[in-house]
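Residue numbers (this note's numbering), protein chains in the order written: chain A, 1 to 138; chain B, 1001 to 1484.
Derived by calculation from the structure, the hints in this document are not laboratory data.
Treat the hints with caution; some may be incorrect.
Unchecked claim - Per label pair, the in silico range of CB-to-CB distance:
# : chain 1 : residue 1 : chain 2 : residue 2 : range
1 : B       : P1119     : A       : G138      : 51 to 57 Å
2 : B       : D1061     : A       : S70       : 17 to 23 Å
3 : B       : R1067     : A       : P113      : 35 to 41 Å
4 : B       : G1332     : A       : P5        : 37 to 43 Å
5 : A       : G138      : B       : K1075     : 46 to 52 Å
6 : B       : F1005     : A       : S70       : 48 to 54 Å
7 : B       : G1440     : A       : P5        : 19 to 25 Å
8 : B       : F1005     : A       : G41       : 57 to 63 Å
9 : B       : E1311     : A       : M32       : 44 to 50 Å
By construction, the Cβ of each residue, glycine as well, lies at the ideal position given by its N, Cα and C atoms.
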Amino acid sequence: MIRCPACGAENLPNSLFCEECGEPLIHEEKLMVKLVSLTEGWKIEMPLEGEVIIGRADPATGFKPHLDLSDKGGVEKGVSRRHLRLFRQGNKVYVEDLGSSNGSFINNRRLLPFSPEPLASGDEVRLGGEVLKIYLEG
Amino acid sequence: MGEEFRPDYYQLLEVSPFASQEEIESAYRRLVKEYHPDVLRAFKTAFLFRQLQEAYEVLRDPERRRRYDEWLRAKGLYPEKAFWANVLLSQRALRPLPEPQAWYVLFTIHAEKDHAIPPKPLNLCLVIDTSTSMKGPKLESALKASELVLRNLKEEDALALVTFNDRATVILPLARRHDPRKASSLLRKVKAEGGTEMSYGISSGLAELLKAGNLWESINYMLLLTDGETYGDEEECVRLAREAGAKGISIAAVGLGTDWNEELLEAIAQASGGLSLYIPHHKELPKTFQERVGALMGAVSAFKGKLELGEGINLKGLFRLDPQVSRVAMEGGTFFLGPFSGSIRLLAELVIPPLPAGHHPALRWEFGDLKGELAARGEVYLTIAEGVEGERIPKEILAAAGQVAIFKLREKAWKEIRGGERGKASQRLLFLAKQLEKAGEKDLALLAKEEAKFLPATGDLSAEGRKRLYYGTRLLALKPPEEG
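Modelling step: build the complete structure from the supplied sequences, incorporating the hints.
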């Protein structure tokens, strides 16, 4: 059984709302992701809803990543247009290289392209020559 | 031949059998992102991906799809008309647990676009309360509303009008194209006097509607108006409503003012696949009548449904969400949904017993018209697998379950009031108030709080509070948990 955080009533596992008081039992907390550039010094914070794609905008195709590194030295550092994405599955956050030219690394370990790996708050993620420290805040 | 198929390929791709190849492609592209083994590796659910692949491999190829459709047809699982129910699951897979767990299935029954089913003519009966309390402006409004309905019918529509107090009187027998002047003069003679014995009205209204003979060819509907409590014939009313539902006749039970029994009107509505409505002031009657009849004019048929549960699986509740939230009254797995226009969502709350890993037949479903012209059938499988935590609940299911959660709180409060459990009922109203507030329904929340305050002393709600809460809570949704 699972206990309702509001009224303490017992509910069946996987119940969506408390039978006793109507409180939602499935909580998907709002999650903020904070990115700190260790090479350039900038900081940016954004909500992680679904996914965050990091890369460079491509005016030719109209593609715009959620985080555009074009004016943050992305070209010089070899950041691809679709370089990396962060996404949520349930309560976990994953990081996935999107087949970038210069690769992605997590804590100095290379990510296989299109193979998501779990990300923990404080992990260091490298996109080509750009090094980001990523914090997750619930 | 000799191909091995599974009956749920369309469901796995979350499309209907009428989907175009393009729709199948785009559904696959959307789902493959959610299902991809790279993504789901962490959840050890590669099999979900495999079964999606299997479905796609068959449906992407028009020739294999044709063979699959034939295979479904041979099993009676292929819809012959453009009518279908989309199925959405709260989770595509559940973990094996040593205890029972909850699972939700949302059906959206709809006619396929681009495959219009021709609407049918109306077979309509207005049943009007003419007890003493209706005297004056209430009766005038009711008669005015009736005249409006009559004038706006199409040529092929049939109408009857019955009044009731201690007995029933047929004012306008069932006919097409009533002479409006003659009808008006008959209506002007209607007087309000005597008591309220609703079952006479329903029974006489049913007799008129049954005169139509071939009920399969029309939309059969009774619009029942009352402003008071009926005298001791409640059970008979519900019995008649059930009889009506079984014949494809639905009842919209309209309560005027605050002195009628909402639970009775709702039971009548449920038993016949109709609905119940609260009209605070008689001035709204013409508009309400028009809206109800207007909604019927686009309707296609009266529908019923059937659910069969897999072994050990229990149905905790079945709720319809359209046009308003209500519990679906089921008898032997069968239920009436009334005339159908647009789409109807149904939420099934299931209790899954401890089951081993694997695919389990969970639910067979069937929806169709009473004549058997339109039918859609399918099977829902439940996948039990280790390590499938953290799947995202579809927002459609959260919204539906939220509406149902509010409905159930209100339902529990009523039951507690009826059972004299004042303290419990008062607490329940406070819970309801909290959830209403979250849903942004400030007025209703305040009302629930006020009523909760007086309930321990009075043992009941105020007449108006009762109606406003009962009907107000059926048209809104709980806010689903914040998406992050």
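Tested hints:
1. Between B/P1119 and A/G138, the C-beta spacing of about 52 Å keeps the proposed range 51 to 57 Å intact.
2. Range check, B/D1061 to A/S70: Cβ separation about 42 Å, and the 17 to 23 Å hint is violated.
3. Between B/R1067 and A/P113 the beta carbon distance is about 37 Å. The supplied range of 35 to 41 Å therefore holds.
4. Separated by about 39 Å at the C-beta atoms, B/G1332 and A/P5 satisfy the suggested range of 37 to 43 Å.
5. Separation of A/G138 from B/K1075 is about 48 Å and conforms to the stated range, judged on CB atoms against 46 to 52 Å.
6. The supplied range of 48 to 54 Å is met by B/F1005 and A/S70, whose beta-carbon atoms lie about 50 Å from each other.
7. Take B/G1440 and A/P5: their Cβ atoms lie about 21 Å apart, and the range 19 to 25 Å holds.
8. Judged by the Cβ atoms, the range 57 to 63 Å given for B/F1005 and A/G41 holds: they are separated by roughly 59 Å.
9. Our hint of 44 to 50 Å for B/E1311 and A/M32 holds, since their Cβ atoms are close to 46 Å apart.
In the structure shown, a violation is registered for the earlier hint numbered 2 alone.
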